[in-house]
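**Q** If you want the building blocks of each chain, they are given just below.
Protein chains: 2
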Amino acid sequence: MTRLSELGESHIISRVLGRNPSSTHVIVGPGDDAAVTAPEGRLVSTADMLVENEDFTREWLDWKKLGVKAAAQNLADVCAMGATPHGLLISAAVPDDTDIVCLEALYSGLFDEAERAGTALDCMVPIIGGDLSSSGLIVIAITALGTVGEESAILRSGARPGDSLYLAGTVGRSAAGLDLLFAGARPDTVGPELRSLIDTQLAPQPDYGALRTVGAASAMIDVSDGLSLDLARVAAASGVGIDLDCSLLSDLVDPLLPAAEFVLETRATGGSGDGVGKTEVAATAEDLALSWVLDGGEDHGFAASAPPSAVPGVGWRRIGEIRTGHDVSLDGTPVPASGFSHFGK
Amino acid sequence: MTRLSELGESHIISRVLGRNPSSTHVIVGPGDDAAVTAPEGRLVSTADMLVENEDFTREWLDWKKLGVKAAAQNLADVCAMGATPHGLLISAAVPDDTDIVCLEALYSGLFDEAERAGTALDCMVPIIGGDLSSSGLIVIAITALGTVGEESAILRSGARPGDSLYLAGTVGRSAAGLDLLFAGARPDTVGPELRSLIDTQLAPQPDYGALRTVGAASAMIDVSDGLSLDLARVAAASGVGIDLDCSLLSDLVDPLLPAAEFVLETRATGGSGDGVGKTEVAATAEDLALSWVLDGGEDHGFAASAPPSAVPGVGWRRIGEIRTGHDVSLDGTPVPASGFSHFGK
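Chains X and Y, in that order, give the protein sequences.
Note that the UniProt record's numbering gives residue 245 to position 245 of the first sequence, counting from 1, and the numbers run on in steps of one.
Note that the UniProt record's numbering gives residue 154 to position 154 of the second sequence, counting from 1, and the numbers run on in steps of one.
Derived by calculation from the structure, the hints in this document are not laboratory data.
Misleading hints may appear alongside valid ones.
Footprint (simulated), chain Y over chain X, 3 or more residues, beta carbon under 8 Å [said to hold, decoys possible]:
hint: 1; region: 30-41
hint: 2; region: 81-94
hint: 3; region: 120-133
hint: 4; region: 136-150
Partial list, computed: chain Y residues near chain X (C-beta under 7 Å) [as the list claims (entries may be wrong)]:
hint: 5; residue: VAL36
hint: 6; residue: ALA38
hint: 7; residue: PRO39
hint: 8; residue: VAL44
hint: 9; residue: ASP48
hint: 10; residue: GLY130
hint: 11; residue: ASP131
hint: 12; residue: SER152
hint: 13; residue: GLY158
hint: 14; residue: ARG160
hint: 15; residue: THR269
These stretches of chain Y come out as covered by chain X in the derived footprint (C-beta under 8 Å, 3 or more residues) [as the list claims (entries may be wrong)]:
hint: 16; region: 25-33
hint: 17; region: 247-253
hint: 18; region: 287-295
hint: 19; region: 311-325
Every residue, glycine too, gets a C-beta built ideally from N, C-alpha and C.
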């Protein structure tokens, strides 16, 4: 084991950035005061951070998956604007007794996910800058940059009554994985079905490729905080109501039933479940699985609205309709916006 | 007192961003998945973070000054490329029992410094995005964006023998302020002279205005880690040696002598000084003051090299010469690169 404190900052940076892909857009990469790049069109930028004990725990920590998750949550935001990723800035604060191998794994996860997005969208996604700092808590703060044509950013505000609502990727799997972890499940103690849910929590895999077939969507959002909350944001920004169709969600809910049964059983038998999310209020596995689908974010599925003339292609499933109003409902019954939010309320 | 945990995330964000200036470059500001802006020319981007216990302590914490410092260290990096600031992305992680008034002070400091840079360089510097998270430790991670003409970025690699070396702003004051804090000095227990050094540590004020008169500089760097280390970076990138002229540094060293005497006296009498930086090896106040000037960063002075045909204007002082070689010297004697570096060595 070689602790970061035994190495110099520049040596560490050259080791973790060894895999950095070259990109014709990068004029000056890491190493000067700032990067210089040549974006084409308008610039799309977003920043998001993962904080130890808030977004993950040391106990579950898989450095490579943490890198995947940190990249995914930022790339998904760029892509949800209809933009093409341009580059990442990575600020990482880690304890100075961290093994260099762990930091290399973190960056390996970042590169893997950036490469996955780049392959799906036919672009290069280099790390163009960042900062490395020592800290008692692990914090990964990322800025993702992208580019979009002058009139082609897809905002939250464009949904119109008569549009249908579509989803690419999944929702609910990451929340199920989190409740499994809180219930004491670990990747090496459960079967492949539950393990894959835990993997979605630890290393979500947004379906970037579906963005190639989104077409003339009227609105789009990265579902990071749960359908109920994120669709309420679309509804508010667009001045519309949104009705989810329960029958169209069953393909998302049904695969979560075994996990819901595991979690409820663990709680019933006084297992190690700490109880987060919806576990404490769900009476049945069906209720719990549905609540994961409605309120669970972090799969980074993409929700988009589109008029009948512009039905999205491969990778998109219809899950509801845009209507007049200002709320989100499920088969006509209002759904409270109870996805994830920092700072309560 | 109103704790963040009693408020909703969106309410908090709207309160802290109330002062956000409008900018014609911003097409979509905070509130969607990502910002959309229209940079002119090439994009300059940099990211840097401030971490509690590493970069500041709760004991010395002044939220507004923390905001100033966080903005300054990122804006200085953008400006040291010869670029014009374009916008900031702010990721802040703070304990959820933080008073909203503290967070408002933090953002007030961010806006103050962004406005100061904007006024100096005749541009708007809005906050275009970011993230707010709860955390046990305070972490402020910023990405600063800027724009520069196609051929006009000023890199570290352009210094040439025969150029002179110039400084805008100061070096050493922030390091003196830090050693004063470690020696037990506090803004309300010392006179105005020492207090202003502590203020430079807590809220550095880069001389952005000097960048208007830098002219055709051959290289430039934000002196964030100390002259000895940052000039060694310029020397390495440019393939040159750099000789500092001790007599030209006296205007920087002499004003630090009272602080050096305070710090050495506190240590001699067994005061509360913890001893950081160079205190433990400096025998005299002159030695200590000179070591602050050579090795102390965080004033965010700008060092630039320029040929005789392009002497920078108002705000710049000559401090040395670019020569052949590959090291940094002071009146011909090698200076070890011993400024600040994370992770030892």
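**Q** Is the hint on VAL36/Y kept, meaning its closest Cβ partner in chain X is under 7 Å away?
**A** 5 Å, holds
**Q** Less than 7 Å between beta-carbons is the criterion; does ARG160/Y satisfy it with respect to chain X?
**A** 17 Å, violated
**Q** Quick check: do three or more residues in the region 30-41 of chain X have a beta carbon closer than 8 Å to a beta carbon of chain Y?
**A** Result for this restraint: holds, n = 9.
**Q** Does THR269/Y pass the interface check with chain X, least Cβ-Cβ distance below 7 Å?
**A** 32 Å, violated
**Q** Should the interface hint for GLY158/Y be scored as holding, given a Cβ-Cβ cut-off of 7 Å against chain X?
**A** This interface hint is violated because 11 Å lies over the 7 Å limit.
**Q** Examine the region 287-295 of chain Y: at least three residues should have C-beta closer than 8 Å to a C-beta of chain X.
**A** violated (count 0)
**Q** If you look at each residue in the region 81-94 of chain X, do at least three have a Cβ nearer than 8 Å to any Cβ of chain Y?
**A** Our answer is that it holds, as 7 residues pass the Cβ test (under 8 Å) against chain Y, meeting three.
**Q** Examine the region 120-133 of chain X for residues whose CB is less than 8 Å from any CB of chain Y, and state whether their number is three or more.
**A** Holds, because 6 residues of the region 120-133 of chain X bring their Cβ atoms closer than 8 Å to Cβ atoms of chain Y.
**Q** Given that the region 247-253 of chain Y was listed as covered by chain X, double-check it with a C-beta distance under 8 Å for 3 or more residues.
**A** It is violated, with 0 qualifying residues against the three required.
**Q** Is the interface hint satisfied for VAL44/Y? The criterion is a beta-carbon contact with chain X at less than 7 Å.
**A** 5 Å, holds
**Q** Could you check if ASP131/Y really has its C-beta closer than 7 Å to a C-beta on chain X?
**A** 5 Å, holds
**Q** For the hint on PRO39/Y, does the least C-beta distance to chain X fall short of 7 Å?
**A** For PRO39/Y, the interface hint holds, since the closest Cβ of chain X sits about 5 Å away, which is under 7 Å.
Checked against the numbered hints given earlier, the structure breaks hints 12, 13, 14, 15, 17, 18, 19 and satisfies all the rest.
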